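> Sequence:
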Amino acid sequence: MEDHLEKLELLTKRTEGDYQAFLYDCDGTLADNMMAHKLAYEEVAANYGIALDLNMIDEFAGMPTAIFAKEITKRYGVALPDTFASEKSQIFIDKYIEKTQPIAYVAEHLKNHVGKVKIAVVSGGSRKTVTKTLTVLGLIDLIDVMVCAGETPKGKPAPDPFLAAADALGIDPNKCIVFEDADLGVQGAIAAGMDWVRVDKI
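Position 113 (the sequence shown) corresponds to 113 in full-length UniProt numbering; numbering is contiguous.
The set of hints was computed from the structure by calculation and includes no laboratory data. Computed from a prediction, not measured in an experiment: that's the story for all the values here. Just so it is clear, CB atoms sit at the ideal spot from N, CA and C, and this is done for glycine as well.
In silico BS3-like cross-links for lysine-lysine, where the CA-CA straight-line distance does not exceed 30 Å:
#1 K95 x K70
#2 K7 x K175
#3 K70 x K38
Derived CB-CB ranges, DEER-like:
#4 G138 x G77: 41 to 47 Å
#5 V78 x L5: 45 to 51 Å
#6 G150 x R14: 29 to 35 Å
Start from the sequences and build out the full structure, keeping to the hints where you can.
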C-alpha cells in the first residue's frame, strides 16, 4: 500500500504544471494485464504451430495485433491468417478480461484529475477490447476520448494516434502529457511533440 501511495505521489508531482490533457495508454499502464495478453498471444500462436517467445511481445508492446502478427510471420516464417488479431482478442476476452486489475496508482491518478484536465486513452488495442477493459476497471465513464488500433493512418510509434486524441480533445499537443509503459508509445509521444512519463519506471 505504501508503495502505491508513494508512486501516486511521484506521478502526481511529475504531472504538475500547465498540462491541459492527460493521454493514458491502456494495457500495462492503466490495466495490469500484460501477462494475460501474453498468454492469449501464446495460445493463438500455438494454434499455428508457433512456440512464441514472450519477450517478443515486450519488444513490440503497443503495436496493433494485426501488425504484430506480421512481425511474428517475419521471425518464425509462418504465414498467419487475417483472423489472427480477432482470434487473439477473443481468447483474451473469454479467458482473462473479467479478471483485469488496475495498476492502482495510475488508475487513481486518472480519477484524481477528472474535471481538472481532459482525459484520453490512446491504445494499440481494438476499441472493443479497450472499452471492455476500461469498463471492468470502472474507468470508462471518466474518459473524454479514445483512440484505438486502426483508427489512425499509422499506430504507435507514429505520432498519429496521439495527435488524433489531442485534436479530438481540442488541446494543443504541447499541452498534453502521455502515460506509457512501452518504448513504442514514448516514441509516438515524442514525435507528437508531447511530454511523457513511463509509469513502469516510477
